[in-house]
Every structure is written in C-alpha cells, then in structure tokens.
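Chemist: Listed here are the chains, written in short residue letters.
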Amino acid sequence: MPGLQHYTAQGYEAYKQTLETIGKGKRVVALFTGSKNLSTGQSWCPDCVVAEPIVDQVIQDTVVAAIDVHFITVFVGNREVWRDPAVGFRTDPSLKLTCIPTLLEVGNKAKRLLEGQIANKNLVKDFFVDED
Amino acid sequence: MFATSSWDSDLYGMKSLTDLFGCFKRNPRRGDEPASANQSTSDSPPMGAVASGMPPPKRRAPTETKTPPGERNVDDTGVPLKEALKQANDAKIAVFCSGNDEEEEKQISEIEAILKTLKDPPETEKPLEIPEVQRIQVNSSSKKAIQYLTLHDSWPLIYIKGNAVGGLKELKALKQDYLKEWLRDHTYDLIVIGGGSGGLAAAREAARLGKKVACLDFVKPSPQGTTWGLGGTCVNVGCIPKKLMHQASLLGHSIHDAKKFGWKLPEGKIEHQWGHMRDSIQDHIASLNWGYRVQLREKTVTYINSYGEFTGPFEISATNKKKKVEKLTADRFLIATGLRPKYPDYPGVKEYTITSDDLFQLPYSPGKTLCVGASYVSLECAGFLHGLGFDVTVMVRSILLRGFDQDMAERIRKHMIAYGLKFESGVPTRIEQIEEKTDEKAGRYRVFWPKKNEETGEETEVSEEYNTILYAIGREAVTDDVGLDSIGVERAKSKKVIGRREQSTTIPWVYAIGDVLEGTPELTPVAIQAGRVLMRRIFEGANELTEYEQIPTTVFTPLEYGCCGLAEEDAIKKYGKENIIIYHNVFNPLEYTIPERMDKDHCYLKLICLRNEEEKVVGFHILTPNAGEVTQGFGIALKLAAKKADFDRLIGIHPTVAESFTTLTLEKKDGDEELQASGC
Chain H
1 MPGLQHYTAQ
11 GYEAYKQTLE
21 TIGKGKRVVA
31 LFTGSKNLST
41 GQSWCPDCVV
51 AEPIVDQVIQ
61 DTVVAAIDVH
71 FITVFVGNRE
81 VWRDPAVGFR
91 TDPSLKLTCI
101 PTLLEVGNKA
111 KRLLEGQIAN
121 KNLVKDFFVD
131 ED
Chain B
1 MFATSSWDSD
11 LYGMKSLTDL
21 FGCFKRNPRR
31 GDEPASANQS
41 TSDSPPMGAV
51 ASGMPPPKRR
61 APTETKTPPG
71 ERNVDDTGVP
81 LKEALKQAND
91 AKIAVFCSGN
101 DEEEEKQISE
111 IEAILKTLKD
121 PPETEKPLEI
131 PEVQRIQVNS
141 SSKKAIQYLT
151 LHDSWPLIYI
161 KGNAVGGLKE
171 LKALKQDYLK
181 EWLRDHTYDL
191 IVIGGGSGGL
201 AAAREAARLG
211 KKVACLDFVK
221 PSPQGTTWGL
231 GGTCVNVGCI
241 PKKLMHQASL
251 LGHSIHDAKK
261 FGWKLPEGKI
271 EHQWGHMRDS
281 IQDHIASLNW
291 GYRVQLREKT
301 VTYINSYGEF
311 TGPFEISATN
321 KKKKVEKLTA
331 DRFLIATGLR
341 PKYPDYPGVK
351 EYTITSDDLF
361 QLPYSPGKTL
371 CVGASYVSLE
381 CAGFLHGLGF
391 DVTVMVRSIL
401 LRGFDQDMAE
411 RIRKHMIAYG
421 LKFESGVPTR
431 IEQIEEKTDE
441 KAGRYRVFWP
451 KKNEETGEET
461 EVSEEYNTIL
471 YAIGREAVTD
481 DVGLDSIGVE
491 RAKSKKVIGR
501 REQSTTIPWV
511 YAIGDVLEGT
521 PELTPVAIQA
531 GRVLMRRIFE
541 GANELTEYEQ
551 IPTTVFTPLE
561 YGCCGLAEED
571 AIKKYGKENI
581 IIYHNVFNPL
591 EYTIPERMDK
601 DHCYLKLICL
611 RNEEEKVVGF
621 HILTPNAGEV
631 TQGFGIALKL
641 AAKKADFDRL
651 IGIHPTVAES
661 FTTLTLEKKD
671 GDEELQASGC
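Chains H and B are the protein sequences, given in the same order. Mapping to UniProt numbering: the first sequence position 65 is 65, numbers consecutive. Mapping to UniProt numbering: the second sequence position 439 is 439, numbers consecutive.
In case anyone wonders, no lab produced these hints; they're calculated from the structure. Ideal Cβ positions, reconstructed from N, Cα and C, are used throughout, including at glycine. There are no misleading hints in this set.
What the simulated footprint calls covered on chain H by chain B, stretch by stretch (three residues with Cβ under 8 Å from a Cβ of chain B suffice, anywhere in the stretch; the number is not a length):
| id | stretch |
| --- | --- |
| 1 | 99 to 110 |
| 2 | 114 to 124 |
From chain B, some residues computed to sit far from chain H (all C-beta separations above 12 Å):
| id | residue |
| --- | --- |
| 3 | K172 |
| 4 | H246 |
| 5 | P525 |
| 6 | E674 |
Pulled out of the complex, with its shape left as it was, chain H reads as follows (with noise of 0.2 Å):
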C-alpha cells in the first residue's frame, strides 16, 4: 500500500500537470487555497489560513496516511488572480470553484468541503475516509 502521496501545484496550469502525472484510475484529493505571500508566509486568504493546518493535520493521522490516494495542495494565485471571472479554476467544467480554501474530490462533484467546513477536523477525516 503506497497510501497518501502529497504534491503541490502553483496554479491552473501546474494543476492540470499534476493531474496528468498521476494519471487516471486515481483517488485524487484537491485543496484549492490562497497562495502565501513570501515575506510573512501565511496566505491572503484568512479561511485559508485556518483550513491549511487542520488538512496537515489530517493528512498525518494514521488511519488517513495509510489510505491510497493522491492529495494536490493547489496554490490558486493571489487575489487579483484568484478573483479574475475567467481564472481556470473557476471555468473548469470539471472544478467550477466558487470559493477558497475548497476541498474536493477530483471526479466526483458531490464531494466538496468549503471554507468554514474545512476548519472541521472530523469533517475533513470523513472526507478522507469515507469511501462511500
């Protein structure tokens, strides 16, 4: 069992290559989250601020690192990046992103944790854990 394998990507762009790294047939795990500004090192995006540590958190517990899947951390921009209508992020039929930090499955559209949601320890396990 190779359980979870983590990657970062730094945009739309760097996304779609990771996805196509990993290749089909994968359990793929997206964070979508503001990108950190350099000197303070801490993103624009206060949800995500608060999201990023309870997903790190999640990520090494056992019963979630032991799972097989792959997890994407993607880095959406800045702000005026992240709030331009045709940013890939939000016109991907496949993403559609409305908001950050979101969590999502890849491929399965029902599946989506929001802003606030991810600052749920319990709800971000299930999201991992549940198979169902």
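Put chain B on the given structure of chain H with help from the hints.
Modeler: Chain B alone, transformed into the frame defined by chain H:
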C-alpha cells in the same frame, strides 16, 4: 383525533394560539366570555378576513393582564403549563398532579414506594441513586392539555427522564429491571435508527437542542444487489430520482411542443439516453448523500454506518459492513427505519424482477417494461418510462391507487391509456428467463398470468415477453431485525410501531416516526415534521404536535394529481352524502393549446365541501401539469378551514390553471355527463 395540535388551556404558554388569535389579547372587553370565531371577526370587513374560517378556539380567551398568583381563583393555581412541561422534561422523575386530593396522595406514595424497591442492597458497588419524585401541581385546564399532548388518561401522570409513562398502573406494568436500567446513565441522550428523512431531521433537531445523538444508517442491498448512501428512500430511491425522471419524461414532450411554438429542431429521431440521465441523477444524489454527512458532522451528530438492533432495553448493537459489532446505550431511541418494497412469493421473482430500489440505478436501458401493481410507485414509474420512450404495460389486480379518491384514480387511468400506456388486469404467476441480462443489456423474460375470458368466465394462462419487470405492489416496514420484540415494543400487523402519538405504547423510551409509525401517512415531509416536533416535545417540553391531517400530496403521474384533505368516498363516509356538495370543472392549460396536446381533455379539478357547514372545503383535488405546486399553495386554505366562499373571494392569476379554483360554479351530481372544456 389529530385535528388540532394547538389545543391548549394555558393562558400564557402557547405561542401559536395567541399568535393566531392575537386579537383576544388586545381586546380585554372579551376577556371572560367564551370566545367564538364569529365574535373574533366582528370588527372585520363584512366578507370577513381569513379568520372567519378559523376553528373556534377551544379555550377561554386570555385576559389582557396576567393575574398575580395570589389573586387567582382555584383553577388558576399550580405551575403554568409551559413551565410545568419544562420541569417534567428536566426532572429524572416527575409526577403531574392536581393537589388537594387524598386518592392522588395515596397514589404518589405508592409510586415512591415502587421506586424505593429499586434500591440496591448496601454492599453494591456504585449503587443506583433513586431520585426524589418531583411533584408538579397543575390546574385542571393544564391537566387536560397534558393529557391531550401525551394521550394518557391516567392521573397523577408520571414522567421519567422526560418521557410520559402513564399512571401507577402503567408504571407497575414496566419490568422492574427495565425501570432500574432506565434510571442509570447512558452514553447518548438519543439513538436514531435509520438515516432517512425523518431520522436525520430528528437527529439534527435533537443535536441543535444540545443533546448527544447518534444516528445509525445501514442499507441492506436489494435482492438485485442495489445499495445506496445516507438519506433514506426519498433521496436515494424515491421522491428525488422519481421526480427527476418524471422531469426527463416531461422534457421529451416539451421538445415536441417546441416545434409547434416555432423552434426548428434537427432532422431525425430525437432519442433519450438512459445512461446519461441515470448518471446525472446519481451524481446529484451523491451530492445529497455527502451533504447529509456534512450536516450531521456540523450538528455534531455521531453518524454510524451500521445496522442497529436492540440487545437490551437501553442497548443497541450496531453491526457494520465488516461485521464488526459496537454496543451503544442511550436514554431514548427513535425508530425511523422506513419501508422497503414487497415481493410476491413465487420462484424466480427475486432473480428476474426489479423494484424501485433498483430502477434508478439500473445499469442498462430498461426496454419493454412491465410494471406490476396499482400503487402510486407503479403508476409513476410506468408514466416516466413511457415518456422516455419505452413500451410499458401496467398490470393491476384490482383498483388503482387504493386509498386515493377513486374518481380521480379513474381519470388518471383514462389519461394514461390515452397517453399510450397499456393496462392488463391480472397477477403474474410465473416468469421464465429467455435471455439473461448483463450490465449493458436488459434480459428477456416471459411473464405468465391467468386471464379471464369476459364472456365465458373461463381462465386461461396467457403470457408476454418483457425486458424489465418492475414490482411495485406495496412496501413493508423494516422492523423485523431491529430487536423490537425482544424488548417488548408493540407492533401492528403491518410491522409498524404502534404509537401513542409517536411514543411506543408499551416501551415509553422508544419512539417511532415516518413510515414505520402505524396509522400515519407515508410521506417524507410528514416524517421530517414529526421528527422535529417530537424532538422539541421530548427534549424541550414543547406543547406541540404534528398534525397528521389535511396533508397536501401529489402523485407524479404523467398528468400530475394533487390532493389535500378527504377523498370523495371518505367525505361521504364521514359526513353523509346529503351533507356533501362537490364543485368541479375541467380546464385547458394555455400551454397545451398551441401544441394541441391530448392531455388537455384530462385536466380536472374538484372541491369537496360540507353543505351544512357553510361549504367548508374538506377535499381538494386536481389533475393538471404542476399539480404539486398548485396543491402546496392551496393546502394552507384547507389548514385554515377555508370555505367555498373564500375560494370565490380570491382573485385568480391569469392565465394559470390554479385560477380555476376561484371560479367554480358547477356542482357535481351523480349521472352527469362528462364535462367539456371551453376556451378562454
């Protein structure tokens, strides 16, 4: 018996009644008179506001100022109702009493004596603490209200951990070890068995009220192996996929109508793709399943994907997919396990046929289909499958839509026949497989049934080949494997829990709602309402009941049928034929005129009124596109006891079908000819 939920005698406690009859509060003049609805509207315009149709309040009107306790007369003594119910809910053991009664005193002493016998011997480790009995003295009108709320006649009335138990007699009927166990602490305040509409609503409401709640949900696969996620029948294999497939079917007709409205469509055959529709619908369902998971987490309900079974009066054994068993205890339990389709008993039936449990996930396009049964499930499935382009036959044993208005049922049958559906009367006796089905392709089956020759009366076996056989002959409560019998929860012949309101008649800490509560309508919104109201009642002491009458509902046949209140035959039975007056009409929906749809000849509506009660409307029926939307709105009129004159006063919205209810003049009489619709 469930007609009025707001029945109440407390002067200040009941919010809804004082809201409804707020006029009393502002009008001290009427303070001590027995109020009637007529009086309440005396300063309204002559035609009256809606209030003129409201039922007379069943209590004295409240006075403007609250009398200080010291100055009250005898009847006003005691704890106010709202406070009394709250106290009973919070106490470990409480007794409602009237005070100043020797017999009552005797009974309370006996209750206390029974509790003393529960005391552990002195050497016991962690002995059971026997709580003091909290007396709650209430006046006679509060007593009536409490008895109405709990449906217990016994007095003084005992409450244990917030559950009405009954009187001394009912307390004595409880096993001593059960009673002892009841007083111990348990892990959860509430365990809900069944994560369907009712169970989830109840679990969330209880959690909102700060209670520790677990919700168990486990779907046993259908004989065809179909299974699904959290949310119950409605979301997974009922209302939601059914309505979406109904919509898919209606859209097919809209495409044809579009041509008549000037849309140029591509040449060639317009075809429906079963797999595409199924996947889109299943995606939506998956999002609902996940949404429920999220809601439970956010409301801090513990969700357990396991099958729950009572292994003790306060203990559930929960078995998960991997057969791992977990034991859980709670103070209270809610049975909300719902129903599953029934199968007939003959060889091959479970292998070769499907039910509504399987249809919405069917991997292959169903092809030529036989729907067996006259239930609304059968008619709805037959309707949308035909609309999607399949050759569909409905096989019925006797009448359609048992329990519904039979005049309307017959109109539905006529419409469905005109629509191109076939009806056969009979009951299949055997099925032969000609070709096995695969994941890509439906099988081929020959269905045999005896057919009666109309002239000779002779029965001969006939047969027909179908690709899919859908059984929809009724649904059965899933209560056999819950261990209800082992702890003594009384069940009806239908396997449903017999309730005093929603509380088990025999085990007072077990409750049931939705499709598994005997004698209540099997509808999602009923279960949701019952779940929420019950939680407020048992956890907050709310003086609130679910009203199981005048429930609007709709059957999503190709032409939808909406109804609220009584069927014609039920109204006649209840009030007598001479006291019933029925107004009816046919109408032609404007959107059907241009495309010259055959459906236009089938749209029909009727209002069933009481002749001797100012034509109060007791039944509302309509066969129309969008019947659900129309019926939901008019339902409130029936809840407010609207009269025919109120419908007449209402101005219509033109052009709509619903406006027909504002201009009804035609009386329905026996032997009348069929009505013909005229244009506007």
